[in-house]
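Protein chains: 2
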Amino acid sequence: MQKLIKDLIQKNNTKILLIVLDGLGGLPVNGKTELEIANKPNLDALAKKSACGLHIPVAMGITPGSGPGHLSLFGYDPVEWQIGRGVLEALGLGIELKKTDIAIRVNYATIENGIVKDRRAGRIPTNESRKITERLQKKIKKIDNVEIIFRPGMEHRFAAVLRFPKPLPKGSASIKDTDPQKEGKRPVPVTSETPQAEKVAKVVEKLISSILDIIKNEPAANFILLRGFSQVPDIPHFEEVYGLKPLCIAIYPMYRGLARLIGMNAPTLKGDIREEIDFLKKNYADYDFFFLHVKKIDSYAEDGNFKGKALKIGEFDSALPEILNLNPDVLIITGDHSTPSVLKSHSWHPVPVLLNSPYVLGNTSKAFSERECLKGEFSIFPTVNLMPLALANAGRLKKFGA
Amino acid sequence: MQKLIKDLIQKNNTKILLIVLDGLGGLPVNGKTELEIANKPNLDALAKKSACGLHIPVAMGITPGSGPGHLSLFGYDPVEWQIGRGVLEALGLGIELKKTDIAIRVNYATIENGIVKDRRAGRIPTNESRKITERLQKKIKKIDNVEIIFRPGMEHRFAAVLRFPKPLPKGSASIKDTDPQKEGKRPVPVTSETPQAEKVAKVVEKLISSILDIIKNEPAANFILLRGFSQVPDIPHFEEVYGLKPLCIAIYPMYRGLARLIGMNAPTLKGDIREEIDFLKKNYADYDFFFLHVKKIDSYAEDGNFKGKALKIGEFDSALPEILNLNPDVLIITGDHSTPSVLKSHSWHPVPVLLNSPYVLGNTSKAFSERECLKGEFSIFPTVNLMPLALANAGRLKKFGA
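Order-wise, the sequence lines are chains A and F.
Add 4 to a position in the first sequence, counting from 1, and you land on the number used in my numbering.
Add 4 to a position in the second sequence, counting from 1, and you land on the number used in my numbering.
Treat the hints with care, as some may be off.
The calculated BS3-like cross-link candidates involving lysine-lysine, where the alpha carbons are at most 25 Å apart (straight line), are [said to hold, decoys possible]:
| id | chain 1 | residue 1 | chain 2 | residue 2 |
| --- | --- | --- | --- | --- |
| 1 | F | Lys-370 | A | Lys-36 |
| 2 | A | Lys-189 | A | Lys-206 |
| 3 | F | Lys-10 | F | Lys-402 |
| 4 | F | Lys-52 | A | Lys-36 |
| 5 | A | Lys-15 | A | Lys-249 |
| 6 | A | Lys-379 | F | Lys-311 |
| 7 | F | Lys-36 | F | Lys-53 |
| 8 | A | Lys-36 | F | Lys-53 |
| 9 | F | Lys-15 | A | Lys-348 |
| 10 | A | Lys-348 | F | Lys-402 |
| 11 | F | Lys-7 | A | Lys-180 |
| 12 | A | Lys-379 | F | Lys-370 |
| 13 | A | Lys-180 | F | Lys-52 |
| 14 | F | Lys-370 | A | Lys-52 |
Far from chain A, by Cβ distances over 12 Å, these chain F residues were calculated [as the list claims (entries may be wrong)]:
| id | residue |
| --- | --- |
| 15 | Gly-126 |
| 16 | Arg-134 |
| 17 | Phe-168 |
| 18 | Lys-170 |
| 19 | Gln-185 |
| 20 | Val-192 |
| 21 | Pro-271 |
| 22 | Arg-278 |
| 23 | Asp-307 |
| 24 | Val-346 |
| 25 | Thr-368 |
| 26 | Asn-389 |
Calculated directly from the structure, the hints in this document are not laboratory data.
Heads up, the beta-carbon is just placed ideally off N, CA and C, and yes, glycines get one too.
Chain A with its partners taken away, still in its complex shape (with noise of 0.2 Å):
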């Protein structure tokens, strides 16, 4: 698909505003969405001038990653590609990857006698474990010619990236994780599965030695446990398929890291919706697509506040004639995978989804919620056909055929 699309890309001055409401789609209490009881009059209004529809991120039944999610709303497809859960950790924790790198999630542990006691160290506490990975930064910095970066994280966990000098070739992160699953294991040893990663695991077992050699006296953290060896993926770039200077607006390094993935600019912001819409008005001229997420919804989804879902819908609605008076020729609000409070979690149900600009139909929804999307005229799709039809209703794709 996104080969028939470069194709067909033509170039004007349309700007296309994609906004990224995370975890949005949701589950009833009591008979009613989080959608459905928000206070969203502005959602509404424009649910129903604009084309509806429900999208589904990679296929019925399945739940969806914010990685799978994300890159379905770019356009592309997340089967084929699939983000390493060592390069998400490392994007999440704020490290920019380069081309040249391997990363890894790690696990601090305790290990007596060979044996693997506790796989997270006794859930450490974050403070204790963000000194020792402090630690380590300071001690090692390199190993041979291979720089190595490391960042903590939440409690036991931290993410380590292996800078290589040169870009490696496919297949140089197979290794096998080194956690044994179960508590009572001995740890895996450090194996390739491929001979292109040999040369990797070789510089993985230093790093290992040269960790222990710094750890082992510590009285929970006296070992580590790796994971998720990844490479960051060879995708195409947005612009180079689209044909569109992209911008990312983010406040979570996650969604920076995904966008900064696929060649977006994604400078690092903080604060929140009030933030990133100045930011958006700030840099409006510069660029031609723009990827707003909003974290928040997603978040009291995840803890079960269904209310607070709700609230935070109505919140993003008050801010919503500020970014409207931008006049983007498309606007999309949608998410990237539901997260319905019932289920405190990522679900497979398909994502409301509206889309606004000049060449819709229009008039099929009553407001902006998972049932009302329904009767839209995009009734439920596939994900990865969002961008096709951002990039049709803003002009920029020429005739397919004579």
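Starting from the structure of chain A, add chain F where the hints point.
Chain F alone, transformed into the frame defined by chain A:
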């Protein structure tokens, strides 16, 4: 898709119940379909609080046989996994097929001076042909080291199975039909189309000559025509793919046979819906997945009996509360294909479906019918997506990607 699913499976104690009302979907007579005139308060009430939709077993416009219809319901791509006609005939007649079998549909025919005079031996009555087939089985038990199994069918039809001592390579059943398709022609000689089929072809030649020795003096059935040579497909087992222990509850042999092909436990069962429900209850604790097949709705439709079909739907509706009392975590009610009474045959029309679980939107369809299911939260979708949806609603699928 099944590969993706397999990697995401997580086990728990939930129960999934799939009820297949054979030939469920219909077409209107005087403006209303069989489902729309049926007296079915329980189904309608359930539809209101369920996820509804319509599913397409093979592709838009394609009328599925029972094989493809059921394989799709079980999540198997029916174009990838085609079940040979010989295999389906043998399953339909109650033969338990093994991986070492070659199954064949056979017609009694009338031959005169080497020319096929009647391809169906004057549609010889079932009780007559049955006697001949029983005589064949008495006289022919083995050809070389290959066990031969005959099973009488309706009128001129019967099934023959060659049971080899060891599994045969793929392609071993690639033998041309010996049926010339038209009267007045010579029968087609036994012709293998692949090198792997030569061994089988030799056994078939010997089998034909042994049979002709026995029937050559029959007045009508003095010849046989062989069609649909086929092997049991090497299809992944249901339990292996989904991690669900499955039970098939079906009165008709073909549906049990189909279920056995994918490794379902499918004990012989006599009776009707009453006996099926008793059997379900008795075995409810011992399985995770139940496929309950209700045949009669299709039979009335195939006879063109519009009201009869509606009455049978109503009969199932009366039994529904007893099934609901089991409180399955996920309950799906649907068909394997549509059989509109006005067509007196299977049809290409999408099949109504409802899925009930605690994790559906609900309140989109006011009743269980073709037109109301169209308003449902599943919209129209490929049948193979039903199993992923069932698993998701049962909490049996992990998140895809991080």
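Each hint tested on the structure:
Note on F:Lys-370 and A:Lys-36: the hinted pairing holds, with a Cα-Cα distance of about 17 Å set against a maximum of 25 Å. For the given pair, A:Lys-189 sits about 23 Å from A:Lys-206 by alpha-carbon distance, which is consistent with the 25 Å threshold. Among the hinted pairs, F:Lys-10 with F:Lys-402 is consistent with the structure: their alpha-carbon atoms are about 10 Å apart, no more than 25 Å. For the hint pairing F:Lys-52 with A:Lys-36, the CA-to-CA distance comes to about 14 Å; that is within 25 Å, so the pair holds.
A distance of roughly 11 Å separates the Cα atoms of A:Lys-15 and A:Lys-249; the hinted pair therefore holds under the 25 Å criterion. With a C-alpha separation of about 33 Å, the suggested pair A:Lys-379 and F:Lys-311 falls outside the 25 Å cut-off, and the hint is violated. Distance restraint check for F:Lys-36 and F:Lys-53: the Cα-Cα separation of roughly 23 Å lies within the 25 Å cut-off, and the hinted pair is therefore satisfied. Of the supplied pair hints, the one linking A:Lys-36 and F:Lys-53 holds, its CA atoms being roughly 12 Å apart against a limit of 25 Å.
Simply put, F:Lys-15 and A:Lys-348 have alpha-carbon atoms about 19 Å apart, close enough for the 25 Å limit, and the pair holds. For a cut-off of 25 Å, the pair hint linking A:Lys-348 to F:Lys-402 stands: about 14 Å separates their Cα positions. With a C-alpha separation of about 21 Å, the suggested pair F:Lys-7 and A:Lys-180 falls inside the 25 Å cut-off, and the hint holds. Straight-line distance between C-alpha atoms of A:Lys-379 and F:Lys-370 comes to about 15 Å, which keeps the hinted pair within the 25 Å bound.
At roughly 49 Å between alpha-carbon atoms, A:Lys-180 and F:Lys-52 are farther apart than 25 Å, so this suggested pair is violated. A C-alpha spacing of about 24 Å is found between F:Lys-370 and A:Lys-52, which places the hinted pair at or below 25 Å, so the restraint holds. For F:Gly-126, the non-interface assignment is confirmed: its Cβ lies about 51 Å from the closest Cβ of chain A, beyond the 12 Å cut-off. With a closest Cβ-Cβ approach of about 46 Å to chain A, F:Arg-134 is found to remain outside the 12 Å limit, as its non-interface label requires.
The claim that F:Phe-168 lies off the interface holds: its Cβ sits roughly 39 Å from the closest Cβ of chain A, which is beyond the 12 Å cut-off. With a least beta-carbon separation of about 35 Å from chain A, F:Lys-170 lies farther than 12 Å from that chain, consistent with its non-interface assignment. No Cβ of chain A comes within 12 Å of the Cβ of F:Gln-185; the nearest lies about 41 Å off, and the non-interface call holds. A cut-off of 12 Å between C-beta atoms confirms that F:Val-192 is not in contact with chain A; the least separation is 44 Å.
The beta carbon of F:Pro-271 is kept farther than 12 Å from every beta carbon of chain A, the shortest such distance being approximately 29 Å. Its beta-carbon lying about 33 Å from the closest one in chain A, F:Arg-278 satisfies the requirement of being farther than 12 Å from that chain. Residue-level check passed: F:Asp-307 sits 35 Å from the nearest beta carbon of chain A, beyond 12 Å. Listed as outside the interface, F:Val-346 is consistent with that label: its C-beta sits roughly 28 Å from the nearest C-beta of chain A, beyond the 12 Å cut-off.
Once the 12 Å rule is applied to beta carbons, F:Thr-368 is inconsistent with being away from chain A; the minimum gap is 6 Å. Distance check on F:Asn-389: its Cβ comes as close as 4 Å (rounded) to a Cβ of chain A, failing to clear the 12 Å threshold; non-interface status is violated.
The structure fails to meet hints 6, 13, 25 and 26 from the earlier list, while all remaining hints are met.
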